[in-house]
Amino acid sequence: MPWTPAAKRYNVRLILLTLLYGVFLTSAVYGFKHHLVGGAVAWVVATLPALPLIGVFAAMGRYLVEEQDEYVRMLLVRQMLWGMGFALSCATVWGFLEGFDLIRHIDGYWIVAAWYFGQGIGACVNRVTLGARVACS
Amino acid sequence: MENRLRVLRAERNWSQGDLAERLEVSRQSVNAIETGKYDPSLPLAFRIAELFGLAIEEVFVSPSRAH
Numbered sequence: 001m002p003w004t005p006a007a008k009r010y011n012v013r014l015i016l017l018t019l020l021y022g023v024f025l026t027s028a029v030y031g032f033k034h035h036l037v038g039g040a041v042a043w044v045v046a047t048l049p050a051l052p053l054i055g056v057f058a059a060m061g062r063y064l065v066e067e068q069d070e071y072v073r074m075l076l077v078r079q080m081l082w083g084m085g086f087a088l089s090c091a092t093v094w095g096f097l098e099g100f101d102l103i104r105h106i107d108g109y110w111i112v113a114a115w116y117f118g119q120g121i122g123a124c125v126n127r128v129t130l131g132a133r134v135a136c137s
Numbered sequence: 138m139e140n141r142l143r144v145l146r147a148e149r150n151w152s153q154g155d156l157a158e159r160l161e162v163s164r165q166s167v168n169a170i171e172t173g174k175y176d177p178s179l180p181l182a183f184r185i186a187e188l189f190g191l192a193i194e195e196v197f198v199s200p201s202r203a204h
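Residue numbers (my numbering), protein chains in the order written: chain D, 1 to 137; chain G, 138 to 204.
Bound conformation, chain G alone (with noise of 0.2 Å):
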């Protein structure tokens, strides 16, 4: 699934590793959802984007309407 991770945490110069610590999850996995290898369940979704003050539409793209 594509997603906005990259951007979203280069704007605020946070490292994978960084959002890994804010999520409390492993850096591999920011990774590989950062790099849509894995798509995250929905609590994880909502955290990410509830961590970014956005909603889950504005950081993960729907698979419906990717290009």
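So here's chain D without its partners, still in its complex pose (with noise of 0.2 Å):
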């Protein structure tokens, strides 16, 4: 696995994204959950743990800039290509579906949860086709 300075860089952002995300959510459940917030407040609380999923993306985007590894990068590239395509082909039959009421609704936060697996998807796909994988998959 290379661990370029680059992807060593992504993944201590990774980690710190994380913890707050806990943080966050761990607060936000627990305000709502015995009625400390509320008005205003209560949507800043439950947009709070969105925002470290957001640095998640940019911290991603970041790395594809740092790295300067010109064959990890176009690794990384088709990983996260294969996360968008996965996450947004999910996002549009569970629409489908929705729509024609066969199926529940779901919260929109699991579309993140879909480009992530569509990820280990692309990097299963770079494995079996390359022989190669990157720091983050």
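Any given hint could turn out to be false.
To be verified - Which bits of chain G does chain D cover? Going by a derived footprint, with three or more residues having C-beta under 8 Å, they are:
no., region
1, 151–165
2, 176–188
To be verified - DEER-style ranges, computed between Cβ atoms:
no., chain 1, residue 1, chain 2, residue 2, range
3, G, Arg202, D, Leu64, 32 to 42 Å
4, G, Glu161, D, Leu81, 24 to 34 Å
5, G, Val198, D, Val128, 19 to 29 Å
6, G, Asp176, D, Leu64, 17 to 27 Å
7, G, Asp155, D, Glu70, 17 to 27 Å
8, G, Ile193, D, Gly131, 21 to 31 Å
9, D, His105, G, Glu187, 54 to 64 Å
If you're looking for bench data, these hints aren't it; they were derived computationally from the structure.
The structure displayed is predicted, hence computed values, not measured ones.
A virtual CB, placed ideally from N, CA and C, is assigned to each residue, including glycine.
Take each chain as given, in its own frame, and dock them per the hints.
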């Protein structure tokens, strides 16, 4: 696994953002469960867990820019394209099924989980077709 | 794209890791280029050729001339 300097920096950012996500999500769930928030504050608290996830998207973009190894960068782009294609396909199919009342509604943030899962598929495709993997797979 | 990377490397008794270190890329990249799974960008191809003191066409085989 090529742990390039850029990949190491990405992983540090990812760990910090994941910890922040845990703190924000736990706080938000606790706050809403015990009716501690309301009004405009409720909007802010409910949005907080999304911010670290948005940060992860930014961290991935930054990793792409910082990665000096062009082959590793190509692997990452392939992986991300798989993630995007899988997530958008899931959202499209789910949307139509839901539109025709064949399936229940799910919260929109699950698209992020689908995106991550799709990247996992992309990493497997890289592994099978090129025998390669990147640090964030 | 076919290339003579493996031969040139062997002539100098360099491992893939040695070459990767000299090119400042991952060993995985060297392996991918060497096995033809990945075509390097022009700047990297120039770096490879210059490292061996050769012209690009002496390292990489033009796809139109490959058999």
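| query | Which hint numbers doesn't this structure obey? | reply | No hint contradicted; all consistent.
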